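Chemist: Position 36, counted from 1, in the sequence shown is what UniProt numbering calls 36; the numbers after and before it change by one each time, with no gaps.
Worth flagging that the hints you see were computed from the coordinates, not collected in a lab. Misleading hints may appear alongside valid ones.
PhoX-like cross-link-like pairs, simulated, lysine-lysine; straight-line CA separation at most 25 Å [as the list claims (entries may be wrong)]: (1) 144 - 231; (2) 79 - 124; (3) 171 - 131; (4) 79 - 25; (5) 95 - 131; (6) 144 - 131; (7) 171 - 124; (8) 25 - 101; (9) 124 - 3; (10) 86 - 50; (11) 223 - 25; (12) 171 - 86; (13) 79 - 223; (14) 63 - 124; (15) 63 - 95; (16) 3 - 79; (17) 207 - 171; (18) 3 - 25; (19) 3 - 86; (20) 253 - 231; (21) 86 - 25; (22) 63 - 149; (23) 8 - 50; (24) 63 - 3; (25) 223 - 8; (26) 86 - 131; (27) 95 - 25; (28) 151 - 207; (29) 79 - 63; (30) 169 - 86; (31) 207 - 169; (32) 253 - 207; (33) 86 - 101; (34) 149 - 79; (35) 171 - 63; (36) 63 - 144.
Treat the numbers as computed from the prediction; the structure is a model and nothing was measured.
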Amino acid sequence: MLKVYLPKFYQLLEEHLGITLDESKQYLIESRLLPLIENSEFDSVLSLIKYLTQNNVGVLHWKVFELLTTNETSFFRDKHVFDGIKEILIPEIIKNNETSKTIRIWNAAVSSGQEAYSIAILIKEYFPQLKDWNIAIHGTDVSKAMLDKAKSGIYTAHEVSRGIDQFFKDKYFTVDDNGSYLINQSIRAMTTFSSLNLISEWSMPEKYDLVMLRNVLIYFNQKTQVAVLDKVANYIDANHGALLVGASEILPKTTALERSALGGTFYYQPV
């Protein structure tokens, strides 16, 4: 019976999240939604999905959407990408922004914040000459739960161990009595976070020197990918700004961006 309602449910996911799923992902739907069933009036995943497909999108829909959003992330994920940021992109931004002494970075689909904090740590650690610059790292995501975690700056020992060595742990984190790790205020002060759904109507307040849009486009169909990329391109500084996507992501052809080499990966700039 579940298969009867899945096509319409998949349509809801695509309309509101841009995520494209098919019948092969039924196991994913069931495994992600079972915890929600246990604390609700629904007696099965089937009854929940039936309700979602027969009612207007509301609070429950967005709870479900959040459960189905992939939030896999870690500190300094894909080290060679961060090496390229450190060795090529940040020095180029510094050279171009010497007059304004500002750096603007946007982490789209920031999830629980590790990527934004990784950039902040990288800048703080390797570019001490920027201590008097105005540096703003802004993270956006569709998931309220992930944004709340990002804003808290609190991570488990396991989360911190994925990408953070002991030197950085000691220098940029404080461990509380429960063994959780809190990002130091000097790093948190460089970041802000807010809600944004990349496939809805949105705008950003400024153009950015670096945009991180990593490991999210793979969940969109090609039409949505191109639409998102063309819009994001409008907020990349036309003179020297750069876009980074996931290390394994291959972008569809879009007239808004052209590719350049960045060590073992690539970055994109507005045409």
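Chemist: For every hint, state whether the structure bears it out.
Modeler: Here's how the hints hold up against the structure:
For the given pair, residue 144 sits about 23 Å from residue 231 by alpha-carbon distance, which is consistent with the 25 Å threshold. Only pairs whose Cα atoms come within 25 Å are accepted, and residue 79 paired with residue 124 is accepted, the gap being roughly 17 Å. Proposed proximity of residue 171 and residue 131 is supported: the alpha carbons are some 16 Å apart, at most 25 Å. With a C-alpha separation of about 30 Å, the suggested pair residue 79 and residue 25 falls outside the 25 Å cut-off, and the hint is violated.
Between the alpha carbons of residue 95 and residue 131 the distance comes to roughly 15 Å, so the proposed pair stays at or under 25 Å and holds. For the given pair, residue 144 sits about 31 Å from residue 131 by alpha-carbon distance, which is inconsistent with the 25 Å threshold. A threshold of 25 Å between alpha carbons decides the hint, and for residue 171 with residue 124 the separation of about 11 Å falls inside it, so the pair holds. Of the supplied pair hints, the one linking residue 25 and residue 101 is violated, its CA atoms being roughly 48 Å apart against a limit of 25 Å.
For the suggested pair residue 124 and residue 3, the alpha carbons sit about 51 Å apart, so the restraint of at most 25 Å is broken. At most 25 Å may separate the alpha-carbon atoms for a hinted pair to count; residue 86 and residue 50 exceed this at roughly 49 Å. Between residue 223 and residue 25, the direct Cα distance comes to roughly 21 Å. Compliance with the 25 Å bound is thereby established for this hinted pair. Distance check on the hinted pair: residue 171 and residue 86 sit about 19 Å apart at the alpha-carbon level, within 25 Å; holds.
A distance of roughly 30 Å separates the Cα atoms of residue 79 and residue 223; the hinted pair therefore is violated under the 25 Å criterion. Taking the CA atoms of residue 63 and residue 124, the gap is about 36 Å. The hint is violated against a cut of 25 Å. The hinted pair formed by residue 63 and residue 95 fails the criterion: a straight-line CA distance of about 44 Å is larger than 25 Å. Taking the CA atoms of residue 3 and residue 79, the gap is near 41 Å; set against the 25 Å cutoff, the hint is violated.
Only pairs whose Cα atoms come within 25 Å are accepted, and residue 207 paired with residue 171 is rejected, the gap being roughly 31 Å. Between residue 3 and residue 25, the direct Cα distance comes to roughly 11 Å. Compliance with the 25 Å bound is thereby established for this hinted pair. Pair hint residue 3 plus residue 86 does not hold up; C-alpha atoms about 48 Å apart against a cutoff of 25 Å. For the hint linking residue 253 to residue 231, the alpha-carbon distance of about 14 Å falls within 25 Å, and the restraint holds.
Our distance criterion of 25 Å between C-alpha atoms is broken by residue 86 and residue 25, whose separation comes to about 38 Å. Proposed proximity of residue 63 and residue 149 is supported: the alpha carbons are some 16 Å apart, at most 25 Å. For the proposed pair residue 8 and residue 50, the alpha carbon gap of about 9 Å is at most 25 Å, so the pair holds. Proximity of residue 63 to residue 3 is assessed by CA-CA distance (about 21 Å); at most 25 Å being required, the pair is judged to hold.
Restraint check for residue 223 and residue 8: the C-alpha separation of about 19 Å stays at or below 25 Å, so the hint holds. Only pairs whose Cα atoms come within 25 Å are accepted, and residue 86 paired with residue 131 is accepted, the gap being roughly 16 Å. Using a Cα cut-off of 25 Å, the hinted pair residue 95 and residue 25 is violated, with the two alpha carbons roughly 47 Å apart. About 23 Å separates the Cα atoms of residue 151 and residue 207, which keeps this hinted pair within 25 Å; it holds.
Restraint check for residue 79 and residue 63: the C-alpha separation of about 33 Å exceeds 25 Å, so the hint is violated. For the suggested pair residue 169 and residue 86, the alpha carbons sit about 19 Å apart, so the restraint of at most 25 Å is met. Proposed proximity of residue 207 and residue 169 is contradicted: the alpha carbons are some 32 Å apart, above 25 Å. The hinted pair formed by residue 253 and residue 207 meets the criterion: a straight-line CA distance of about 22 Å does not exceed 25 Å.
Only pairs whose Cα atoms come within 25 Å are accepted, and residue 86 paired with residue 101 is accepted, the gap being roughly 17 Å. The straight-line distance between the Cα atoms of residue 149 and residue 79 is roughly 23 Å, inside the 25 Å bound, and the hint therefore holds. Among the hinted pairs, residue 171 with residue 63 is inconsistent with the structure: their alpha-carbon atoms are about 36 Å apart, more than 25 Å. With a C-alpha separation of about 9 Å, the suggested pairing of residue 63 with residue 144 holds against the 25 Å cut-off.
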